[in-house]
Amino acid sequence: MKPVEFDLNVSIDHISHWLPVQGPIKDFIHHNTLHAVQHYPFHKGVAIAAKVFGARSYLALTEYQAMHKQGRIKDFAIDWAIKHAGVDSNNYPQLREKLFATDSTDHYPPVSLANHGVRNSWLTHLEIDLNSLVHPIIFRLLANFLDQGISRWTLAKPDESFLSCVWRLAQNSLLPLYPFNESSIRDLLNESPNDLISLCLQRIVGDESLYEQYLLEMLLAHPGWAGMVRLIELDPKALLERRQITLKELIAVELLAELAILNKKRGAKFINVAQTPHAAEIPLLNDYEDKAIVPLPLKVWHEAMEYSLHTELLIALKAPDAPVKAKEKPIAQAFFCIDDRECSLRRYLEELNPAIETFGAAGFFGIDFLYQGFDDAYPVAQCPNILNPKHLIMESNLRPEAEKNAVTEGFSDLHIKPHSLFKGWLFTQILGIGYAARMVWDVFRPSSQLLKIKKLSEVDAHTHLHLLRENDEPNADGQLLGFSVIEMADKIEGLLRNIGLTKQFAPLVVVVAHGSSSANNQHFAAYDCGACSGKPGAPNARAFAWMANHEPVRDVLRERGIDIPASSYFVAALHNTSRDEITYFDKHLFAQYPAEVLQIFQNTMQQALQKNALERCRWFELGPQKHSFEEAHQHVATRASSIFEPRPELNHSNNLYCVVGRRALTRDLFLDRRSFLHSYNPDSDADGQIIVKILSAIIPVCGGINLEYLFSRIDNSVYGAGTKLPHNVIGLLGVANGVEGDLRNGLPSQMIEVHEPSRLLIVIEQSTQVLDKAFANLGAPLKEWLDNDWVRLAACHPGTNELFFYHSTGWEPVELPAGTSAPTADCSENIIVGQRATIPVHCLRRSAA
Amino acid sequence: MNTLLLACLLLPLFGLLLIALLGTNEKKIATISFWTTHAMGLSIIVLLALWASNGFPGHEFEWFTLYERGNYRFPILFYFDRIGAAYLFAVWVIFSVIVRYCRNYLHREAGYKRFFMTIFGFALGLNMVVLSGSIDMLFAGWEIVGISSFLLIAFYRHRVQPVRNALRAYTVYRFCDIGLLLGAWMGHLLFHESDHFSNLAVLFADSAPPPASYPALALMSVLIFIAACGKSAQFPFCFWLPRAMEGPTPSSAIFYGALSVHLGVFLLLRTAPIWSYHYIPRTALFCIGLLTVVIATLSEKTQSNIKGQVAYASITQVGFMFMELALGLETLVLVHFLGNAFLRCYQLLVSPSIVAHMLRVEGAIDTDFNIKNTRMPDYLPVSIRDTLPEVLQNTLYVFALQEGNLELLVRSMLWAPLKQAGAKINNVSGVVKIVVGLSVLLMTWLAFTTDVINSLYLAAPAALAMVMASLSAFSQKHSFIKIWNAVAMSALFAAGAVWLLHPEALPDIVLFTTGIIPSWLLGILVLIKLPKQANFKDSPFAYRAMAETNPILSLLLFISFLGLVGFPITPAFIGEDLLLYHASSQYSWIGALIAVCFVINGIAAARVFLRLCMGRPLEISQS
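Going line by line, the protein sequences match chains A and B.
Residue 95 in the working numbering sits at position 95 of the first sequence; the count goes up by one each step and never skips.
So the working numbering is basically just the index in the second sequence, starting at one, shifted up by 1000.
Treat the hints as calculated values from the structure; they're not laboratory data.
We put the beta carbon where it would ideally sit given N, CA and C, even for glycine.
Careful, some of the hints might be misleading.
Lysine to aspartate or glutamate pairs mimicking EDC-like chemistry, simulated, CA-CA at most 20 Å apart [claimed, not checked]:
#  : chain 1 : residue 1 : chain 2 : residue 2
1  : A       : K390      : A       : E473
2  : A       : K248      : A       : D235
3  : B       : K1419     : A       : D129
4  : B       : K1477     : A       : E473
5  : B       : K1113     : A       : E241
6  : A       : K503      : A       : D563
7  : B       : K1424     : A       : E127
8  : B       : K1028     : A       : E621
9  : A       : K329      : A       : D563
10 : B       : K1027     : A       : E753
11 : A       : K265      : B       : E1407
12 : A       : K157      : B       : E1390
13 : B       : K1113     : A       : E753
14 : A       : K264      : B       : E1407
15 : B       : K1482     : A       : E127
16 : B       : K1477     : A       : E127
17 : B       : K1419     : A       : E127
18 : B       : K1301     : A       : E241
19 : A       : K587      : A       : E551
20 : B       : K1027     : A       : E621
Now the in silico label distances, taken between C-beta atoms and shown as ranges [said to hold, decoys possible]:
#  : chain 1 : residue 1 : chain 2 : residue 2 : range
21 : B       : R1168     : A       : R242      : 33 to 41 Å
22 : A       : D79       : B       : P1551     : 37 to 45 Å
23 : B       : P1551     : A       : Q606      : 35 to 43 Å
24 : A       : E241      : B       : T1331     : 43 to 51 Å
25 : B       : L1409     : A       : K98       : 57 to 65 Å
Every beta carbon over 10 Å from chain B, so not counted as near; a handful from chain A, in silico [what the hints assert, rightly or not]:
#  : residue
26 : S16
27 : H84
28 : Y435
29 : I486
30 : F524
31 : T824
Build the full structure now, drawing on both the sequences and the hints.
Structure below.
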C-alpha cells in the first residue's frame, strides 16, 4: 500500500460522514439513521453499518420465525423473497431450510470497527482503559461549554471558541485542569489546532496511513457528542444560545487528553498504535466497506416480512371498487397532517358524518416561517428542516396581561432548581415535608396539569398573529416580519393545488394541526408534528386559516382560478394526539361563521375523538380492559399527565404505508393508524410537477420517521437511545445514561417496542408514465432513497387500480397471490374488539350499511 | 409491638422470596409487590400508632440469640425510638410511592423481576438498619443495602459505564465498611455486653468517668465517621453519588435522593453518645460537614445535567445535617432529613420534565447564571483589577468542574498504593512463592511438633501472607481463577492467623471457614465451567455477558461471591465478626489488618463477578 498523504480537513470530512446528525433535544427531526450508507443499496448499506457501528442488521431469527408462526409472515411472501434474493433457483430449497434453522446467537452484534478496531487492540495491548479515563473529562468540558441552561454557571464566554475556553481554564487558573496539569502537555495548547493534532497523532499513532482510522475509532467511541459537535459546527443556529465549536477542536482537546493520560499512566515511552503487535492484521474501514456480508437468511426473512405487510394494503387497494355513490356536497372539509396518527381520526369523522370531507397535507400546511409566541424567548422554525424560512411571525396578546405574582410564582416551582446553599437549607427544612404530600398526590392521583407546563390545548385564545407584513425592511437577522398578500396567496394556492382542492369549497373548512402533550417526558418534541421539526403545528394552522379568510388573498386566488366563495370560512384547530382533545383557535372570530355547521362539526369531532381514544387504548396493556368511550377518553387524558407514564402515546410506532392520492382510494379502508395519507389529485397533474413537490416533502419526513423507527427497533442500544428510564438530561442538548455518559441518539425503547420494522411503502395514485417524468426532476439525494430501496414505492394506476413496484431497473407489475382478498367489516369498532396487535388492512362496507 | 417490628422486617423478605419463586410475569410481580408493600405499610402505621399511644418510649426487643460461645453473643436485637420512627415513616411513604410509580414506569422493561427483587432486598436491608438494636445487626442491614445498591446501579448491565460506576460505588461502600467492621469489634471491646443502642446513652450518662478512654473513643468515632461519610457521600467521598445515577430514575430517587444517602446520618444519630462525648470528634464532624457543603455547593453550580445537580444539592443538605449533628440539634436533623428525602425524591422523579420546563415555561435560556463579580474589581489594586478576577473565576470554575478533585485524591491516596504493591507481589515468580509458602508451612509444623517456635509468633507471617494474597487479588488482571484463589487464600490465612493466636477459638474459626470454603469451591466450579472460547489473556478488559448467555452459572457465581465476601447469607458473616473479636482482643493491629483485607477481597471478588457476568454478548462465530 502506498503511503497516503494525511490531510486533516479532508479526513474530518470523511469521518464526520459516519457521525449521527441528531440535533438538540428541543427539536426532533426524524432522519435516516444510516444516512452514512444511503448511497448503497439498503441491505448492503445496513451490512456495512453493522460492521462499522457494531450493531445488529435485522431482528433475531427467532422473532421472524415467531411472526411466521402467528401468520404475520405469509408463505407466499417467503416464496417471493426467496425469488428476489438473487440466488440460483437450484438453491431455493436449501435457503428455505436455512430460514427455519435454529440459532440463538445470530442476533448478537458483530465484531466491529467501533469496538474491535486498531485503537482497541492497541489499548488492550497497553492494558489501559483510555475511554473510561478520558471520556468523563471531555464530556464534562463539552457539556458545560455547550450547556443551554441547566448549569448554573455558564462556562463559555461570548464568542469564545471551545479550544480557547479550554486554554483559558488550563493556563489561567490557580488550580490545574486535570489532565493538562503537566507543563509539557499544557504548552501544547498554545499550538494551533492543526499542529496540536498532528503532534499528538505522531506520538499516539505514529503511522500517517492510520491517522484517519484512529480518529474515526476515537470518535465512534462517543458518537453522540461527536455528532452533536459536528452538527453545531455546521449549523450554529441549532442552539438557542450560540456556541463556537468545531469537530477539529474537539479532536484536538481529546487527543491531548489522551496523550496526557497515557504519559501519566505509561510514561512518555509507550508503544504507539503502529507498533502494536499484529496491528497490520486488523481490518480497516475500507476492508469493512468491501467485505461486509449480508446475512442471507435474515435478509430473506426481512423482505418476506415487508412483503407480507405491504401486500395487506395492496390487496385491499386492488379490491373491486364499491359502487360509487353520487357525491353529495360536503358541509365541512377538514385538513389534517399526513401523520399516521390522524389516519384513524379522519376515518371516524367520515364514518360519523359522510358529509364531512377530509384532506391530508404535510402539517406545516405549506407555510414555512419562524414563530415567536408572545412569551417565548426565541423564535423557532415551524417547517421541515430542509426549508430555510425567511419570515418571522410574532404573536401578541390582545389584552394586557396582569403582572404575574412573583412570590407565588417562585414557590410553585421550587423543586425545579436544586438551589443548594442556605436558601436550600431553609427550604428543605420548611417545605420538604410538603413534597411528601405532593409526591403521593401526583403518583396516586395523577392530576390533569403537572408542573405548570401549559397543556397544548390551553393556548390562549386572546392572542393575535402578526401575519400581514407592514414594511419590507428585514430585521437584524435578515428575516421579514410577516407575509405580503401575494406571498400569502402563493402559499395558499400551493397547498390547495397539492391536495387537489380547487373548487367545491364547503361552508366550513377546518385546518387541524396536531401536537402532543405529555408530562415528565424528555423526548416531548419527538411526539409533536414531524413536518414542523418537532413542534405543535398550531401557528401554521392559524396562519393558514387567517390567510385563506383574508379578502385580498382570496381576490388574488380568484384571479388565479381558485374561487373560494364568500360563504366559506376557514377555522384553525389543534388536535392533541396524546389526550385526544381538540382546541379551536381565534374564537372571537366565530361569530362570522355559519354557526350551525360549526356546531355539527364540533359535535362530530368530539365523538370521533372518543372513538379514536378507544382505538388507541387497545395498545395499552395497563389500561382498563373493557372500555366505554368515556372511560377510554379519560384513560388517554390521565396517561398524558401521569408523571410515571413513559408512554403517553405510542407515537408513530405503527407507521408502514404512505398513500398519496384521492381520499376515495382509502376512505373505505381500515388502515389501523398505519398510513401517512397525503391528498393528491392525479387528474390535475399531467406533467408530474405536483407529485415532485409532494415527494420532496414526504420522502425525507415520512421516510425519515420510518427509518428512524426501523433502526431504533432493530438495534435499540446502538441505533436507538435504549430504554428511557435511566436517561438524564444533559445541558438541554440531549439525554445520556448517568451523569457522564455519551449522548444517546435515536428513539428510546418505549417508543419503538411494538413497531414492526419494515420499510415505508409509498403508494402513489398516478400512472407510471407521469411518475417517470416526475422522477426525472426529483434530484439525486431523493432519487437515492428510491433507487437504493430505502423506501419502497408502488404506483396505483388511477381508475384501474393496477399496481406496479418501482425498482431502479424499471416498473414491476405487482402479482398478488390468487384467491386472496382483504378481510371486510361493517365498522371500525367491530375490527378492533379484542385485538392487541397490529391488524391487517380491512375493507369497510360502510356504503352498504 | 414486637410482632409488628418483625413484620416490618420480614415482609420485604417475604415479598422478595415470593417474587423470586412466583413472579413469572409482570402482572403477578405487580400484585405481589402491591400487597406486600401495603402490608408493610400497614404494619408500619400500626407500629407508629401503638408506639405513640404508649408515649413514644424507646423500645428494645431481643428475638433470639443467633450464636453464643464464651463471652461472645450475637443476639437478634431490635430497637425502636423516635429516630427509628422518623426513618420508618420516610421508608413507608417513599417506598409505597416508588412501588406504585414503578408499576407503570417499568412496564415491559427487561429486568422487571430483577428490579422488584432488588428493591425489596433494599427495603429489607433498610428496615434492618433502621430497627437494629446493635452495631452487628446494623452492619448486616448495611451490607444488604450496599449489595442491592450495587445491583441497581449495574441494572443496565449491557453498558460498560453503569457496571463501572457500580464498582465505583461498591468500592467506596466496601472501604467504609472498614469503619463499621472495626467499629463493631471496638464496640464489643469497649462496652462488652452493653453495645446495644439502648444502653449507650445510659452508659455515658451514668458513669462519671467515661466507659472507655478518650483515645479509644476518638478512634471509634473516626471509624464511625468513615462509615457514615461513605454511605452519605460526604467529604472526601462526594464523587460517587452523582455517578451512581445509572439505574432507572425511580431507583436513583429512592436510593441516592431519598433513603440510602441518609443512612450515614442515621448511623451518627444512633451512635451519638460515642462521638459526641468529646468536643474533638464533634469538631471533626462539623468540619467534614462544612467541607462537604463548600465542595458540593460549588460542584453543583457547574453540573450541566439534572441528576448530577440534584445529587450535589442533596449532598450539600446532608453536609448541613452533619453540622447540625455536631451542634447537637438532633430534632432539627430529623426534620431536615424528612424534608430533604421527600424533596430530592420528588425532584429526581420529575427530572425528565426539566426540558419542557426550561423551554416552555421559563422560555429563557442562559439567563443570569454567570458568575457575578461586578463589584469585586473595585477593591483591588488597579494593576491586577482586570486579571485577578478572571484568574479567580477560572480557578473557581476548574475547582467546581472537577468537583474538588476528590476522586483523584481518593484514588491516589487509597487505591494506587494498594495496586502498586499488589502488582509487585504478582511480579514475583511462582517458584519464590512456593518456596516461601513451603517454608511457612515447615515453620508451622515445627511450631506444633516441637517447642522451637511459639505459635503466637507465627500469626505475624500468616497475617502477612493474608495481606499479600489480598493485594495480589486486588491488582491481578489476567486470570479470574487466580483472583478467586487469592481471595479465598487471604480469608483462610486470616482464619489461620487467628487460630495461631487463639488455638481455643477453633470452633469459631471453623464456623467462618464453613462459610468461605463452599463459596470458594462453588466459584471455582463456575470458573472452570466457563466456555472455552472466551480467551481471557487476549482481552482482559472485555465484559463477558454471562448473565445473558448463561444465567444459571451467573447466579451461582453471584451466590459464591456473596459467600466469599461475608454477606449475611452464610455463617461467614458471623465468622467475620468472631475473627475480628478474637484477633483484636489481644493484638488489635492484626484485627485491623484482617478488616482491611476483607474489604480488599470484597472489591476484587466484585470485579470478577462484574467482568464475567455483565456486558453485551457478541457474535462469536464469524461468518
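Quiz item: Does K329/A pair with D563/A here, judged by a C-alpha cut-off of 20 Å?
Solution: 16 Å, holds
Quiz item: Regarding the pair K587/A and E551/A, is the alpha-carbon distance no greater than 20 Å?
Solution: 19 Å, holds
Quiz item: Is it true that the CA of K264/A sits at most 20 Å from the CA of E1407/B?
Solution: 16 Å, holds
Quiz prompt | Pair hint outcome, K265/A versus E1407/B [Cα-Cα no greater than 20 Å] | solution = 16 Å, holds
Quiz item: Taking only the CA atoms, is the gap from K1113/B to E753/A under or equal to 20 Å?
Solution: 19 Å, holds
Practice problem: Could you grab the alpha-carbon distance between K1113/B and E241/A and see if it respects the 20 Å cut-off? | Solution: Given that 20 Å is the threshold and the Cα spacing comes to 43 Å, the pair is violated.
Quiz item: Within a Cα-Cα threshold of 20 Å, do K157/A and E1390/B meet the stated pairing?
Solution: 12 Å, holds
Quiz item: Can the restraint linking K1027/B and E753/A be considered satisfied, given a maximum Cα separation of 20 Å?
Solution: 19 Å, holds
Quiz item: Per the hint of 35 to 43 Å, is the separation of the Cβ atoms of P1551/B and Q606/A within bounds?
Solution: 51 Å, violated
Practice problem: Verify the proposed pairing of K390/A with E473/A, using a straight-line Cα cut of 20 Å. | Solution: Holds: K390/A and E473/A sit about 12 Å apart, inside 20 Å.
Quiz prompt | Pair hint K1027/B and E621/A, alpha-carbon separation not exceeding 20 Å | solution = 10 Å, holds
Exercise. With 33 to 41 Å as the target window, see if R1168/B and R242/A comply at their CB atoms.
Key: 36 Å, holds
Of the numbered hints listed earlier, those contradicted by the structure are 4, 5, 23, 28 and 30.
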